[in-house]
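Chemist: Sequences are here, hints too, so could you generate the full structure?
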Amino acid sequence: MTDTTAPAVQLTDITKRFGDVVANDSVDLTLDRGSIHAVIGENGAGKTTLMNVLYGLYDPNEGTIAIDGEPRSFDSPRDAIAAGIGMIHQHFQLVDNMTVLQNIVLGHEPSTRGLVDEQAARRRITDICDTYGFSVDEHLDTPIEELGLGIQQHVEIVKSLYRGADTLILDEPTAVLTPQEVEGLFDVMEALTADGRSLIFITHKLDEAMHAADDITVLRDGSAVGTVDAAATSQNELARMMVGREVLFDVDSRGGTPGEVALTVDGVTVRDERGLEQVRDVSLSVREGEILGIAGVEGNGQQELIEAITGMRTPERGTVSLQGRDITELSRRRRIEDGISYVPGDRLEEGLVQDYSLVRNALLSNQTMDAFSDGLFLDWGRIGDHADEIIDAYDVRPRNPEATAKSLSGGNQQKFIVGRELERDPSVLVAAHPTRGVDIGSIEFIHQRFQDMRAEGVAILLVSSKLDEVQKLSDRTAVMYEGSVVDTVDPDDVTEEELGLLMAGRARDGTERAARGTEGDA
Amino acid sequence: MSDAATGVRSLADRIAARMLDASVLERVVIALVATALALLIGAVIVAASGYDAVEFVSSLVYGAVGNVSNLAFMLRQSSMLILTGVAVAVAFRAGVFNIGVQGQFVVGGFAATLGILFAAPLLPNSPVSAIPLLALATLLALAAGGAYGALPGVMKAYAGANEVITTIMLNFIASGVVYFLLDAYLRPEGAAAPNTEQFPDYVGLPGLVFESPSFSILGLGVALLTVVVVYLVMDRTGFGYDLVTSGYQEPAAKYSGVDPKRMIVRTMTISGMIAGLAGALFAIMILGYYSDPNTFPTFGFDAIAVSLLAANNPLGVIPAGLLFGGLDAGGQYIGFTLDVPSELVDGVIGLIVLFVAAPELFRAAGQYTSLGGDRE
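Protein sequences, first through last, are from chains A and B. All residue numbers for the first sequence refer to the numbering used here, where the first residue is 1 and numbers rise by one. All residue numbers for the second sequence refer to the numbering used here, where the first residue is 1 and numbers rise by one.
No lab work stands behind these hints, which were simulated from the structure alone. In this text, all values refer to a predicted model and were calculated from it rather than measured experimentally. We treat Cβ as the ideally placed atom computed from N, Cα and C, and that holds for glycine. Treat the hints with caution; some may be incorrect.
Calculated cross-link-like contacts (lysine-lysine; reagent style DSBU-like; alpha-carbon spacing at most 35 Å) [unchecked claim]: (1) B:K254 to A:K466; (2) A:K205 to A:K466; (3) A:K205 to A:K406; (4) A:K406 to B:K261; (5) B:K254 to A:K205.
Every beta carbon over 12 Å from chain A, so not counted as near; a handful from chain B, in silico [as the list claims (entries may be wrong)]: (6) A43; (7) P127; (8) M155; (9) A193; (10) D201; (11) S214; (12) T295; (13) F296; (14) I304.
Modeler: Here is the structure:
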């Protein structure tokens, strides 16, 4: 029988090695029943590995897992799900063109005499939604692709609950949400724990961990540095535990004098592959020595806009100019050669070739740079030196230029891409989510590099879904909503809450905006 | 998990890890051992079918390398397979599946033939004329093969037509049209077979080392030179990096400034040019005239297996082409000399290919599953 006083999950001495790399070094973690336990740490600290051990994806080399006081071992996620553990991945595991109902019951369809009993499924889902205040049951017959990310996340949670999860692992659940949606998520998390369920909450964001969790365990270099009471700690203490030294939170260096206009976007409209208008008549300009931030919930046209600027996509209307020269018709390669560097949002697919070594990846987007070839042939020696320089300067780990890109953790991949794109001496830098998935220590460094480059006169266009990043770095912030720039604001003059409202398509004071197109957004 | 199951898993892990880490030399040794093992098992099957196994195996080996003339025949087949194999490998490395090498080969050989037949009467009937004729034939073969490869490339890039389907269909079209033209316009008066007239005597490659009428060491030289050039382009040039990157991960290639559409067309053109060169070599070195393409050996299809066995690595195409050439020569020799059903010969050859390919297959499978340890 289940012992109600035993912890929901008890990980003891978990050690997981990959070859010579120790990803988890005898980590202990105790998740009390009905509580929220945050796990924080830098990239490569071992958070994901630890959760994959708990979820049955990895076999630990040493250590034990106990669920409700009973020792267990999982060969696959199937076993973990059977033991009442559910995982909400950062990238949702939903089938886009299937309905909410189909997604929730997928693989666990209730059946009577071999036929799917849809009514029974509906009843159970409605019960779950009523208990925790989800509105998912209103969308049961809607295809996933028509729903916002916030709702999709709720669908994921309901799916886990439907499968009987008592313990939920939430892997960076706030990364794709607006501030308002984050609040909604925290309410849901509270309702779940009030009902006796237990949550593990993985995050990079210290304030969220302190706000939402009961206990916080900090991982560093594969070891658990300690577990603290969320109510009795401070951001500085957590940051010190994570990084192993003091971290400066505010590096404010705004106030340089921008120079000439370097990049101009004039009346640009972009359609995506399906012919949908993703960017609608956007005009903006960035001066030398200036950072223009673009804030917005992901999927509101930011990606398509920067693809039109960097030459990945052809706009339907409008012009893009570099230093006053129309480059709308230039190929992507010509734009690279003309000094536009681009940190892409999709590092797995675009930013790196996963099967290539870091040396080979150092050449990506540098193929036609004179520095790396002597006439006919590539100079792999010099390319290798360049990879070493990036690895050193941007603290990419492991420090092995022959390692394949896919063997690196997400944050280290990101650091390598940022390093490669920044070290080309661009005149314009377009960066999408440059610090996504990157640890605090490295965020600090990347931000510092952005500020250095601004001081050197580079024009920087920064797209980020992290409001604190946009607020901290930008000289001006443009907010995008449904393909249009709804407002351009001075970051010193606006709060994160006001930005959040603008991003959600409302006016700064929270009132509904007039229908798009009828007011003069400039 | 029970202890026994854990033991099996960790053993499998160790074996897989060992295989994933195998060096080039070890792979060659593995291939040789695999060939020997397959021959052994093949011998058992032959014996069980009531034939003389020792004679079978010795004939297979003798047919490939037993005397100078057999060796020449093997190298001739190998040269063709290496050239066509590289043509396939170039396209596969770029992620484009050119199944139309046979058709590009046929068209290339036909273009070379036309060049020789129409230009020869214009030149003095002396051996010196061979040089401009061979140069012309080579250029025409490259152009025709390249154009015939570019066609499905353009259709894929700009109209979204699947290249596997278009290239297969273009193979039939090439053979059919060339046969028609040959039969209708190039067959000498009164000849029964649909063959062109013979090329002038002086057009051909000198035998040099081997005194074979249909093999010259220069032909092997052309094949090896092509391999080296392709290898250098792929490994050492920006264009090669663009091409290989397109095959690995197209979005990353596009990000780095590659125009995916133009890359597809260029890749297919280069692949077709190499296939066309193979066609010229076939017409000039082996035939000395041109004939009904439907009767040609299917080098362009066998090349797919050669390239896959070589993991689409141009340098790997050399040993793979030699193996296939040797098996082809040995198998044909058995067909001439022994009273063994051809199905049995093909079966044993298939067994050898399977055994040689198996380690590569396991290696590929091991990289997909996480056997051999989680490779983070």
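Chemist: With reference to the structure, classify each hint as holding or not holding.
Modeler: Here's how the hints hold up against the structure:
no. : hint             : verdict
1   : B:K254 to A:K466 : holds, 27 Å
2   : A:K205 to A:K466 : holds, 10 Å
3   : A:K205 to A:K406 : holds, 25 Å
4   : A:K406 to B:K261 : holds, 27 Å
5   : B:K254 to A:K205 : holds, 33 Å
6   : A43              : holds, 40 Å
7   : P127             : holds, 36 Å
8   : M155             : holds, 20 Å
9   : A193             : holds, 48 Å
10  : D201             : holds, 40 Å
11  : S214             : holds, 37 Å
12  : T295             : holds, 42 Å
13  : F296             : holds, 37 Å
14  : I304             : holds, 22 Å
Consistency note: the structure conflicts with none of the earlier hints.
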